[in-house]
Structures are given as structure tokens and as C-alpha cells.
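Using the hints, position chain B against chain A.
Next come the chains, spelled out residue by residue.
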Amino acid sequence: MAEAATSVQEHKKTDETALITGSEAIAVACKLADVDVITAYPIRPYDTVMQYVAKLVANGEMDCEYIVAEGEHSQFEIVKHASACGARVFCGSSGVGWMYAMEALTVTPALRIPMIAMVGNRALDDPGAFGVEHNDALAVRDLGWQLVWVNSPQEALDTALIAYRVSEDRRIFLPCAISCDGAFLTHSQALVQIPAQEKVDAFLPRYNRADLLLHPDNPITVAPQGNEDWVMEIRRQNFAAMERTAGVIREAYADFERIFGRPYGNPFFEEYKTEDADIVLMGMGTLSTPVRVAIRQMREKGKKVGLVRMRWFRPFAAEELANCLSRFSAVGVIDRDYSFGSPYMGGVLAGEVRNALYPSPGRKPPVLGFICGLGGREVTVPDVEKMVESVYRAAEGKSQPLTQWVGLRE
Amino acid sequence: MATYTQIDPTQQLDPFKGVKKLPLEEFFTSGHRTCQGCESSLVMKMMAKAAGPRTIVLGSTGCMYVANTTYYSTSWVLPWMHTQLGSSGSAALGASAALKALMRKGKMKKEPINVIAFCGDGGGADMGVGAISATLTHPDYNCLILCTTTNLTPIRTSSFRAARRGGRTLPSVRRET
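Chains as they are written, first to last, in this note's numbering: chain A, 1 to 410; chain B, 1001 to 1177.
No lab work stands behind these hints, which were simulated from the structure alone. Source: prediction; values computed, not measured. Every residue, glycine too, gets a C-beta built ideally from N, C-alpha and C. Any given hint could turn out to be false.
Said to hold, decoys possible - Some chain B residues near chain A, calculated using beta-carbon distances under 7 Å:
no. : residue
1   : R1054
2   : I1056
3   : T1069
4   : W1080
5   : M1081
6   : H1082
7   : S1087
8   : S1090
9   : A1091
10  : L1093
11  : A1095
12  : A1101
13  : K1105
14  : A1131
If we strip away everything but chain A, and leave its shape as in the complex, we get (with noise of 0.2 Å):
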């Protein structure tokens, strides 16, 4: 018996190498995390979480309520009700999935519920697409809701781990939602470093609800009508929860390094071979894969051009993006989304982006959007190259279109 409990301490102190997908990868961070509740509803590419999640529970893994609810309205509906209850919960969904869940999704962040869900991006119907497109994730935006864009599995679990920590904080209070490239993300697989629990038990502290816990111990009354008398002052707490996340982020980003000894430099956006660039392009999620090959490539040629990923999309870090982007001459962003009728018809990145630069006092670069690899289409290296040259032009002070569709069959 002793030798047995030795090597489960040894084994709970030792981090371990294992070739898994993102979506395995967010399923070992619920363990990881001692996750109570979990709910489920299938939708590709969501739906790999659900079984990696059922399988570990099914080993004997993990122990928590899995439910498999009727639908993604109810399955958010339950996670919230648990997380009010004081239980740590995850749950996720795709594409339409995820919109068929928004009226849950607009009332988790105006309840303060710390719900961490993962959204495996994919297109929205119609014509039906299991393919990657970010307008699912997008969609909630402006509620209150902290996105999150990775691009590897290492990194979707380690962002996992991250986002327990900063969302259950008891000045934030949020929900989060880590969005993970259908099919690129969700079913690739990578090598990653699981990290050892003693390291996760040091990271990330229990979930307390603290005074909003809904217990008999704690008799409050959560979510009256407040009507034009009260909602003002509740959303105004809502914006300064959501205005202090920015620097709970970097606590938790330090914290990490220190603990895990991985680091990600800045948490809200990741530079790639900028210190000499002249333009960059800029992206979320996996298609910075094929950026970076073109940027290898097209630097071989002279061509002097870097990469800045958003990760953070909420908060959106403006006035260190504006700084960074000062840099350069001219910038083109690349949205796997699109946003008709918008400003300039772009995408929702470009308009967020120029958004960010219009107040700053520093240099104001062009900036080009351009839509590409809506519904899963690959991002290829002659599209970046076909960007870049009309970034160039743009540099030079050239007329560009504002919104360009790129891998378009025309």
C-alpha cells in the first residue's frame, strides 16, 4: 500500500509528454482543474471535448457530474445554475450550437458566473460547413463574455488552465470562452507537455462563490428585476469587472511562467520576427500556421514581414496593439469571419483593429482587411504572399481596396 501511494505522489509531481488534439488537450485541463459539473450537447468539432471528457470520467479519472443535456440552450442553462451553486464548470459548443445557446450566453456573464466553455469554431449554417469560420465565438462579443484565440494544443490547455484562474477571480467574476479552430485545432494533434497536478494545485486556487453562493447557508435572492431603476448601476459593474480583467490576466500570464515555467511573453497578442519588419499581418488562431511558413519563405526573398496573433480578443489590449503597430508601415489583418455591412465591409478583427488605432497619439499605419478561409478553406502561402504584396503597396502609399477577398473562386 505504501509503494502504490508513493508512486501516485510521484506521478502527481512529474509533468508528462503526450501526442494529443487540442480538444484532448482542453479535456485534460478539466481534470487538471477538478472540474464538478460538466455538460455536453454534440455539434463537430465540439463534440471531440465531449468524448475525451466522457472517457476520462468513464475511466475513473475524473469525478464530476457529466450530463448530456437536450439541447446547447439547456446545456448552458444547467452549468450556470451549477456554477451558482458554488461547483466549477466547463462546458462548449460550435457554430450554430453556440447561437442556439445565446440566450443563456447573454445572461452567464450579467450573472457573474466564472462558466469557462470551449467554442470549437466552426461556419455558421447555412449552406451547412464544418469548417472554421470565428463568427460563432464573435457573436458574443459585447456581452461581457473574455475570448480567447489559441493555436496549438500546448497552448489550449495551458489557456484553459489560465482562464479558470482569471474568471473565477472574485474581482472578475466572468465567463470565458476559448475558441479553438474547428478541424485545424480540434483535431490535430500536437505534442504537449501535461503539466503535474501538484503544479496545478498551486496555480489554480478552489472556486469560491463566496457572498453570491446560492445555498440555504446564504439566502440571497439572484437576478431580480432591476427595470430601469437599477440596470444601469449592474451593467457599469459588469464594465468594471470586465476593465479589470486586462490586469488579472497578466497576474495569472506571471504566475504561470513562474509556476509552470513555460513562457508567453505578452498574454495579449504574440509577435512573430517583427523587431525588423516593415508590415505585418495579423490573425487569430491556427491559420498563424501558414503565416509564418510565408513569412519564413517570403523573408528568404528580402521581404521583410512579421505576425502579430491576437489571443485576447476580450479584452481587446487597444492601446498596447496601437503602440506595437505604430511600428510598422502598414498592416494588413486577416479575418476568418465577416461582418456585412460593417465599416469598409470588413472583417470583424480589421474594424476592432482600426477601431484600436484611431485615438492613439503614435504613428497611424494603413490598414487593409482582408477575408480568407471562411468555412474551413485552407489559408494557403501564395494567398499571404498575394496579401503582403498589397500590404507593400499600401506602404508605399498606394491605393489599396479596404477589404479584399483572398482564395476566392472569382
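For chain B alone, coordinates are given in the frame of chain A:
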């Protein structure tokens, strides 16, 4: 053979027979805006007395939400939480699942706590029927879903869907809409 999951122990409370034998202690008390004799709020008041103090109440959107909880005042002595119109079933399931998980894992004191979701016609029939049917497929959670009907009483609030025609409205009932 179907296998039945063991249900966690429920509270053992003294039964009372007849309205006049109701205990005096109130768990749903003043601070609400319903009329004297309002059938739904009477049901709620008596339900709370029968369930006792170790109870969590979840109320789906409806006239019992609009009329009974106005921010900065509450008529609930018990913990109460609003749930969306179509989610009385999900709310009951979520709360009872959380209690079960937390008590099993030793994160909360072990004791039977009643979870009661309270809904009207909209939350109990039309929009809520899917979530309620799904909750009924989980016999391993302790929860109760209570639906009051406003169909048979001459209510005049017309504030919500229950006062209008719904899926449970009987053919002979007169509604305002």
C-alpha cells in the same frame, strides 16, 4: 432489466394535513406585488412552508418573477435565483448536480437540500417542456419542478404570457390575447 441509480437521501419533514395546520414560519413573505388571493403566489408560499428552510428555489421567467422580485426588495427568505423562461428543468438539474458533485467530493457539507424549480405555463409547458422532459430522464438527481397554472383563475395581470393563450390553455378558457 432497467437499472435504477440510487437517489440521495431526501429531507424527512413532518407532514401537515390541511391549510390550517400550516406552520407559521414564512419563507415567502412580504415585499411582493401580487394581489390577495393570487393562486400562484399562494402555492409558492405553501410550497416553501412544506419544503422548509434547507431549500433552494429557482424561478423561471413569468408573472411570479416579475411580480415577486423587484431589485432591492425580495419576498424570498429562501435562496432564490431567476432562470430563463425555457429553463426551469435545466435550472433544477444544474443546481442539484452541483450539490451532488460538491457533496460527493467533500467540497460542501453533506446534507439533503431541496431544489425546487417553480414555473408558470410558459416555463412549464410551451417553451420549457423540452428541458423538463430532459430533466425527467435524470432520475439520479434530487429536484422538483413545480408548475402552477394560471389558466383556471381569473387573473388580471396580463403582464406575461401565462395570462395569454398558451399550450396548456383549455378550450373554454377566456384569455385577453
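May I ask which of the numbered hints given earlier this structure violates, with the numbers listed in increasing order?
-> Going through the list in order, the structure violates no hint and respects every one.
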